[in-house]
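Each chain, written out:
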Amino acid sequence: MKLDSKIPAGPLAEKWTNYKASQKLVNPANKRKLDIIVVGTGLAGASAAASLGAMGFNVDIFCIQDSPRRAHSIAAQGGINAAKNYQNDGDSVERLFRDTIKGGDYRAREANVYRLAEVSGAIIDQCVAQGVPFARDYGGLLDNRSFGGAQVSRTFYAKGQTGQQLLLGAYGALSREIARGTVKLHTRCEMMDLVVVEGRARGIIVRNLVTGDLERYAAHAVVLATGGYGNLYYLSTNAMNSNGSAAWVCHRKGAAFANPCYVQIHPTCIPVHGDYQSKLTLMSESLRNDGRIWVPKKKEDAEAIRAGKLKPTEIPEENRDYYLERRYPAFGNLVPRDVASRAAKERCDAGYGVGTGFAVYLDFADAIQRLGKDVVEQKYGNLFQMYQKITDENPYETPMMIYPAIHYTMGGLWVDYELQTTIPGLFAAGEANFSDHGANRLGASALMQGLADGYFVLPYTMQNYLADQIYVGKISATSPEFDKAEVAVRERLNKLVTIGGDKTVDHFHKALGKIMWEYCGMARNTESLTKAKKLVSQLENEFWKKVFIPGTANEFNPELEKAYRLEDYFELAQLVIDDAMHREESCGGHFRTEHQTQDGETLRDDERFMYVAAWEYQGHGHPETMEKEPLVYEHIQIAKRNYK
Amino acid sequence: MKFTLHIWRQENARAKGHFETYPLEGISPECSFLEMLDILNEQLINDRIAHPVCFDNDCREGICGMCGLYINGRPHGNDDGITTCQLHMRKFHDGDDIWIEPWRAKPFPVIRDLVVDRSAFDKIIQAGGYISTTTGGVPDANTIPIPKHKADMAMDAASCIGCGACVAACKNASAMLFVGAKVSHLALLPQGKIEAADRVHKMVCKMDELGFGSCTNTYACEAECPKLIKRQNISRLNRQWIGALFGRDRK
Chain A
1 MKLDSKIPAG PLAEKWTNYK ASQKLVNPAN KRKLDIIVVG TGLAGASAAA
51 SLGAMGFNVD IFCIQDSPRR AHSIAAQGGI NAAKNYQNDG DSVERLFRDT
101 IKGGDYRARE ANVYRLAEVS GAIIDQCVAQ GVPFARDYGG LLDNRSFGGA
151 QVSRTFYAKG QTGQQLLLGA YGALSREIAR GTVKLHTRCE MMDLVVVEGR
201 ARGIIVRNLV TGDLERYAAH AVVLATGGYG NLYYLSTNAM NSNGSAAWVC
251 HRKGAAFANP CYVQIHPTCI PVHGDYQSKL TLMSESLRND GRIWVPKKKE
301 DAEAIRAGKL KPTEIPEENR DYYLERRYPA FGNLVPRDVA SRAAKERCDA
351 GYGVGTGFAV YLDFADAIQR LGKDVVEQKY GNLFQMYQKI TDENPYETPM
401 MIYPAIHYTM GGLWVDYELQ TTIPGLFAAG EANFSDHGAN RLGASALMQG
451 LADGYFVLPY TMQNYLADQI YVGKISATSP EFDKAEVAVR ERLNKLVTIG
501 GDKTVDHFHK ALGKIMWEYC GMARNTESLT KAKKLVSQLE NEFWKKVFIP
551 GTANEFNPEL EKAYRLEDYF ELAQLVIDDA MHREESCGGH FRTEHQTQDG
601 ETLRDDERFM YVAAWEYQGH GHPETMEKEP LVYEHIQIAK RNYK
Chain B
645 MKFTLHIWRQ ENARAKGHFE TYPLEGISPE CSFLEMLDIL NEQLINDRIA
695 HPVCFDNDCR EGICGMCGLY INGRPHGNDD GITTCQLHMR KFHDGDDIWI
745 EPWRAKPFPV IRDLVVDRSA FDKIIQAGGY ISTTTGGVPD ANTIPIPKHK
795 ADMAMDAASC IGCGACVAAC KNASAMLFVG AKVSHLALLP QGKIEAADRV
845 HKMVCKMDEL GFGSCTNTYA CEAECPKLIK RQNISRLNRQ WIGALFGRDR
895 K
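Here the protein sequences line up with chains A and B, keeping their order.
The first sequence runs 1 to 644 under our numbering.
The second sequence runs 645 to 895 under our numbering.
No wet-lab data here; the hints were simulated from the structure.
Since we're looking at a predicted model, the values are computed, not measured.
Honestly, I wouldn't trust all of these hints.
[Unchecked claim] Computed cross-link-like contacts, DSSO-like style, restricted to lysine-lysine with a CA-CA straight-line distance of at most 30 Å:
{"id": "1", "chain 1": "A", "residue 1": "LYS373", "chain 2": "B", "residue 2": "LYS767"}
{"id": "2", "chain 1": "A", "residue 1": "LYS562", "chain 2": "B", "residue 2": "LYS660"}
{"id": "3", "chain 1": "B", "residue 1": "LYS767", "chain 2": "A", "residue 2": "LYS184"}
[Claimed, not checked] Cβ-Cβ distance ranges computed for the label pairs, FRET-style:
{"id": "4", "chain 1": "B", "residue 1": "LYS660", "chain 2": "A", "residue 2": "ALA307", "range": "54 to 60 Å"}
{"id": "5", "chain 1": "B", "residue 1": "GLY670", "chain 2": "A", "residue 2": "ARG370", "range": "44 to 50 Å"}
{"id": "6", "chain 1": "B", "residue 1": "LYS660", "chain 2": "A", "residue 2": "GLU346", "range": "56 to 62 Å"}
{"id": "7", "chain 1": "A", "residue 1": "VAL375", "chain 2": "B", "residue 2": "LEU872", "range": "18 to 24 Å"}
{"id": "8", "chain 1": "A", "residue 1": "PRO329", "chain 2": "B", "residue 2": "SER776", "range": "46 to 52 Å"}
{"id": "9", "chain 1": "A", "residue 1": "ASP599", "chain 2": "B", "residue 2": "HIS793", "range": "47 to 53 Å"}
{"id": "10", "chain 1": "B", "residue 1": "GLU686", "chain 2": "A", "residue 2": "THR398", "range": "32 to 38 Å"}
{"id": "11", "chain 1": "A", "residue 1": "ALA307", "chain 2": "B", "residue 2": "PRO753", "range": "23 to 29 Å"}
The beta-carbon is built from N, C-alpha and C at its ideal position, and this holds for glycine as well.
Working from the sequences, and respecting the hints, build out all of it.
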């Protein structure tokens with residue numbers, strides 16, 4: 001495997017312009033003859049399919065839900081970044097680029113990040129034209145707020161439902177193309193395998209989730225926009241059906257997987273409360289604009305609170321430790337997510353946690369006093385309501401309790417500048433690729449990246465690939481490669497339904513999640529990772545002997561869906577652990593306890609680890625091999641990440 | 645807590661359905677309704693009693709619109725402004741009988757047990773529930789100022805999650821609140837005005853064609869909407885519809 005990032009020559013600010021000026025194009029008559037498969041209907045998939053369909057390509061789009069509008073992008077709350085500088089507070093493309101590189105702890109590719117910042121403004125224009133109801137000022141112009149890791153207000157938002165509104169915008173554009181006939185929609189369909197013919201991605205095998213039938217689809221190119229693998233940890237902020245399998249089957253077929261150990265842990269989630277719990281609910285980062293995070297200064301106060309003898313509102317100001325404001329005066333409560341998460345863990349591990357001991361307070365008393373309850377309600381009303389419905393506590397009267405939880409995966413399929421994986425013709429967009437966030441993603445940047453990839457990057461770069469494909473004619477779905485792939489999927493499913501053990505899939509998934517959270521979560525070291533590796537292997541062996549999946553492969557069978565996704569998670573978990581083990585430094589979300597400064601901050605090792613780790617699959621049970629893509633910073637000055 | 649569950653079981657779209665009764669014990673009041681069903685399924689599988697109960701769910705935080713159960717005669721159960729996944733067992737009494745059914749509406753056929761096919765909603769949106777834009781070539785966002793109260797009203801209408809509770813709540817299985825919300829969201833914005841007349845016409849015709857019933861103004865939809873979408877959106881839909889019939893700007 002040879003990695004070629006295909007970064008265009010020239011100064012950073014001109015690379016994208018130069019690329020667009022010299023790339024190959026496909027003329028309108030030929031676009032009609034080219035077929036594209038898009039898997040996933042979140043921001044990246046829906047925007048890509050809508051854009052490619054409008055250009056004239058034949059697009060087939062697939063999702064596992066009953067409607068494209070339900071993809072997990074819908075749950076993003078806080079906002080979307082764009083370098084519009086509408087607030088006249090010093091923002092620019094250059095500033096957004098620098099914040100993103102620094103936020104990612106200098107582990108992202110300069111050229112991709114610069115392009116992301118460059119197209120960010122156009123995303124907002126596009127969304128407004130679609131009718132996305134962003135928040136506005138009384139003068140009728142767009143409003144902004146701040147997010148972690150930035151000192152400007154560049155985040156556009158629609159109440160606490162920004163992801164929903166952006167996705168409905170893209171869904172509208174997609175629906176229009178479906179009506180025009182350029183895009184064909186396939187709901188309740190899950191991609192089970194990628195079909196590679198003569199080294200190129202030529203189609204997919206999908207399972208119809210209603211009937212269990214396996215179906216074949218052939219195309220000139222495949223776009224994977226299937227999100228991240230956070231559910232590997234079982235408890236996460238991801239939706240129940242979000243999974244890493246589509247990306248993983250591509251990895252098995254030869255697509256390199258980059259930086260799997262970069263997993264984001266979000267600091268503000270509703271804490272765990274019971275073993276039966278199925279997910280953790282995020283409380284938007286935007287709450288940190290006005291909410292102040294604290295724990296009691298005295299251990300005995302924390303103990304009294306945990307015992308139910310003391311209420312947080314009874315603790316006087318001088319006995320509260322606003323630890324983020326104390327440790328990071330420059331950014332305060334708005335430090336990046338990885339920093340805020342570790343700081344919460346540090347306080348709880350030291351015995352200052354509240355609730356079950358694994359929670360800290362997010363307090364709005366100051367904001368309510370300063371702005372009035374009405375203003376706070378207007379800004380965060382739906383989040384407060386959501387909190388109250390889940391916890392039965394009123395956040396207007398008592399501080400919220402929060403704790404970090406798995407939220408996003410920066411790692412993903414390795415892609416070059418064109419968002420093409422190491423398999424020609426297979427592109428990856430949104431959270432499914434690794435490209436823009438380095439070792440930590442800044443808040444409100446996932447929506448930006450998903451839409452940038454779909455609206456403004458793939459429609460250009462895919463043409464560069466497809467220009468040659470006009471000569472190959474229609475791709476057949478009856479070739480031996482399709483036969484082989486379909487048979488393999490069928491065998492895999494039959495194997496699962498015939499195990500006949502006595503434990504449920506969830507039993508194993510919960511156990512895997514606990515191992516990963518405990519030993520490969522917010523803090524990792526050689527010892528914990530060695531342990532994790534052993535435990536995951538044991539658990540996987542047990543799974544193959546003891547799992548029981550009711551029903552057959554030829555019917556609507558959610559238990560079977562969970563089982564094959566979990567099967568992939570076992571392999572993926574091993575890779576996450578191997579990657580975390582090999583990266584003997586701390587950067588962004590990857591915190592190796594052996595590598596930290598005296599005050600507990602991440603300690604990078606730029607000499608040895610300033611590269612992207614791209615892993616190549618070697619067969620089940622065999623250690624993967626790793627290629628390095630060196631990160632070359634021509635434009636930005638490398639510095640220690642400092643938010644103090 | 646202890647419950648007696650009466651759950652609609654139906655093997656597939658063609659099979660005949662019926663209620664099955666399952667006792668369930670030891671449920672924490674902090675447990676969500678769907679987590680309670682997870683626990684039931686775990687037991688059904690472990691004790692080989694029956695195939696686990698199929699129900700749609702995904703985000704489990706009230707935004708994806710995937711879940712939707714008819715619980716003791718109310719869509720999304722006995723609480724206001726929530727989806728099924730946000731309902732917690734503390735809203736029930738210990739020892740309660742709980743009746744769980746899928747959405748009952750002709751345009752939403754049952755797929756299995758509590759799972760229904762809501763693709764009719766996608767078809768209504770495809771008929772015109774969008775502003776026609778292609779990617780690129782649009783004006784700068786701030787060249788279209790919109791009065792804040794209009795933008796806020798559009799946002800409230802746009803917060804519909806497409807779960808189908810309005811249809812399930814309606815004795816006529818009318819989709820007027822769903823369609824009204826989308827028509828309103830777009831008609832309130834200057835960008836959406838250009839196609840407004842055509843849009844309302846196409847969406848209403850599609851809604852009728854798909855077999856949704858008529859609105860008789862009982863507003864059960866508004867009472868059960870998890871996102872508290874207001875019935876004024878139906879009035880706006882009607883005004884838009886009449887305007888489209890008699891207006892001069894329609895083709």
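Legend entry - Those earlier numbered hints the structure runs against, lowest number first: 1 and 11
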